[in-house]
Amino acid sequence: MIAWRDVTVRYRGQTVLQGVSVEVPAGQKLALVGPNGAGKTTLLRTLVGLVPYSGTVLVDGVDARGRPVEARRRVGYVPQLVAFPPHLTAGEVVALAQELRGLPPDPAPVLQGAGLGPHGRKRVGELSGGMLRRLGVAVAQLGDPPVLVLDEPTSYLDREGEAWLVDWLRSAAGRTVVVASHQLRGLERLVDRVVLLDAGRVVADVAAEDLRRLHWVEVVAVPSDLPDLPEEVRVLARSNGALHLRVPDHRLREVLEALDQRAVRVHEPEPEELIREVLG
Amino acid sequence: MVASWDVRAALRDRWLWALTVAFGSMTLAASAVALSGLRVVGLSSFDRAAASLVHLSMLFVPLLGLVLGSVWIAGERESRALDFLLAQPLDRRALYVGRYLGLAGAVTGATWLGYGTAGVVLAWGAGTDRLPGFLWLVLLSTLLGLASLSVGLAISAAAPNRGRALGAALLAWLALTVLTDLGVLASAVALRLPAAVVLSLAAANPVSAFRMAALAVVTRTPEILGPVGMVAIDRLGATGTAVALSGVLLVWAAGGLGVGLRRFLRDSGP
Numbered sequence: 001m002i003a004w005r006d007v008t009v010r011y012r013g014q015t016v017l018q019g020v021s022v023e024v025p026a027g028q029k030l031a032l033v034g035p036n037g038a039g040k041t042t043l044l045r046t047l048v049g050l051v052p053y054s055g056t057v058l059v060d061g062v063d064a065r066g067r068p069v070e071a072r073r074r075v076g077y078v079p080q081l082v083a084f085p086p087h088l089t090a091g092e093v094v095a096l097a098q099e100l101r102g103l104p105p106d107p108a109p110v111l112q113g114a115g116l117g118p119h120g121r122k123r124v125g126e127l128s129g130g131m132l133r134r135l136g137v138a139v140a141q142l143g144d145p146p147v148l149v150l151d152e153p154t155s156y157l158d159r160e161g162e163a164w165l166v167d168w169l170r171s172a173a174g175r176t177v178v179v180a181s182h183q184l185r186g187l188e189r190l191v192d193r194v195v196l197l198d199a200g201r202v203v204a205d206v207a208a209e210d211l212r213r214l215h216w217v218e219v220v221a222v223p224s225d226l227p228d229l230p231e232e233v234r235v236l237a238r239s240n241g242a243l244h245l246r247v248p249d250h251r252l253r254e255v256l257e258a259l260d261q262r263a264v265r266v267h268e269p270e271p272e273e274l275i276r277e278v279l280g
Numbered sequence: 281m282v283a284s285w286d287v288r289a290a291l292r293d294r295w296l297w298a299l300t301v302a303f304g305s306m307t308l309a310a311s312a313v314a315l316s317g318l319r320v321v322g323l324s325s326f327d328r329a330a331a332s333l334v335h336l337s338m339l340f341v342p343l344l345g346l347v348l349g350s351v352w353i354a355g356e357r358e359s360r361a362l363d364f365l366l367a368q369p370l371d372r373r374a375l376y377v378g379r380y381l382g383l384a385g386a387v388t389g390a391t392w393l394g395y396g397t398a399g400v401v402l403a404w405g406a407g408t409d410r411l412p413g414f415l416w417l418v419l420l421s422t423l424l425g426l427a428s429l430s431v432g433l434a435i436s437a438a439a440p441n442r443g444r445a446l447g448a449a450l451l452a453w454l455a456l457t458v459l460t461d462l463g464v465l466a467s468a469v470a471l472r473l474p475a476a477v478v479l480s481l482a483a484a485n486p487v488s489a490f491r492m493a494a495l496a497v498v499t500r501t502p503e504i505l506g507p508v509g510m511v512a513i514d515r516l517g518a519t520g521t522a523v524a525l526s527g528v529l530l531v532w533a534a535g536g537l538g539v540g541l542r543r544f545l546r547d548s549g550p
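Chains A and B supply the protein sequences, listed in that same order.
In terms of this note's numbering, the first sequence is residues 1 to 280.
In terms of this note's numbering, the second sequence is residues 281 to 550.
Simulated from the structure, these hints should not be mistaken for laboratory data.
Glycine is no exception: its CB is placed at the ideal position from the N, C-alpha and C atoms.
What you were told as hints is all true, and nothing was included just to trick you.
Ranges between beta-carbon positions, derived for each pair:
1. B:V458 to A:D106: 46 to 56 Å
2. B:D547 to A:P86: 18 to 28 Å
3. A:R121 to B:G447: 29 to 39 Å
4. A:V166 to B:R373: 38 to 48 Å
5. B:G463 to A:R121: 49 to 59 Å
6. B:L473 to A:R67: 52 to 62 Å
7. A:A199 to B:N441: 23 to 33 Å
8. B:R542 to A:A199: 27 to 37 Å
9. A:R123 to B:L516: 49 to 59 Å
10. B:R373 to A:G27: 27 to 37 Å
11. A:G125 to B:V458: 32 to 42 Å
12. B:L454 to A:L190: 49 to 59 Å
13. B:L516 to A:D106: 55 to 65 Å
14. A:R121 to B:A466: 48 to 58 Å
Kindly produce the complete structure, drawing on both the sequences and the hints.
Here is the structure:
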């Protein structure tokens, strides 16, 4: 469980976070979404004591300011820019992190699990951005912390890496997970809840299920004649014989069949548009 | 734990090896030159060799400590690698002190390595009757290294990036090895300061303190210390001077460590 209560962060005279309060129950997966500079990274960094703040931050019931070492033991943190001491090899990074978490150093299985088995002897400076990100996620899981925090996890990952991350997120059942991202696309299907931050404040807090239920697809088709369409389908526009339809996800198959599969373009809304709809 | 990892990492640092090799080569050269003189003019050549080693140490040991200390934290802060360590369940004080101890091991090892070559050559050529003086020199150099490292690490804790930290460390080196002595000398002449005051001012600089302490115990020719050093020996004796000035070096080591730790804790969050 994580609790940010009335958290304010000021940095060089600027207010980065203003009275943020968010509670994440144990086992929940939360997406923290917002534009660049919204304060997402700063909020995550309060969990591991990387920024001074006012207010209260609890990690698994432990006060992050009062008992910082205990709080950090409960958090696996993957920063936006994953970096390790440059003199160390990937294997040494894992061994060091294991020792710091009171575990016997045994990097091989960890590297193997992250798909980095053959790269254990490489210095971290020789690893690609995607490899570093995988190493970061692997290191963050050492000691099986109940809280996992990922800052912009999809950056630097190729398609294969993204698929690996999606699998990993799905497999993190039972853990409290917070994922910060400047875009929600795809994440709403992996998390339970979405919190939107803007200019250091929480501006929306919605269940991911609501977003999924609201999800729709814009279909553009050139039908020979207009078929009967379900009531929930809205005609957005007609131009040059083309029909722009807004189709709820659960009606998509039915509509495509009615159009004889002749949809020529499909457009999905940005998740942020859905949040705006939820907020009315 | 942090210390042992940092020793390992420091051993891969090019700065450390470059300065160690340079220091070792210079001490070896100084000893060899002194050895050749020894055969001609007798034992006083050992004093000259020791004086050369003292002056080499005055330049190299602070440079080693300042440079190695300054780039470590600032460099990792700049690359964000420091976040990895700060996010671990480790007390910030333990991290800073552990880092200091690790680097201290590396600096001390480099210093001993540099002296080791000179020591072997001198012992082979001049015998071991001056060994205590030589060991004093090694001990004082080690303390100077620790004091410089404390200052370097404090600079690193305060600097925003590696470049500025390195620049500040080189400035500090210049100030400690050249500018402060010139300042004290100029003040002494211009203000006609009493010798005791000049001694106190000179002793406040760890490099000067090292030089006076080392020359006091290593050489048997106190004139080499100049009038200020003569005052110190006159009042405290050679060993007393060395012990008192060792205290100055320890104060710099502990003070620098304290100041750096305070700054590190202030900037790195709870």
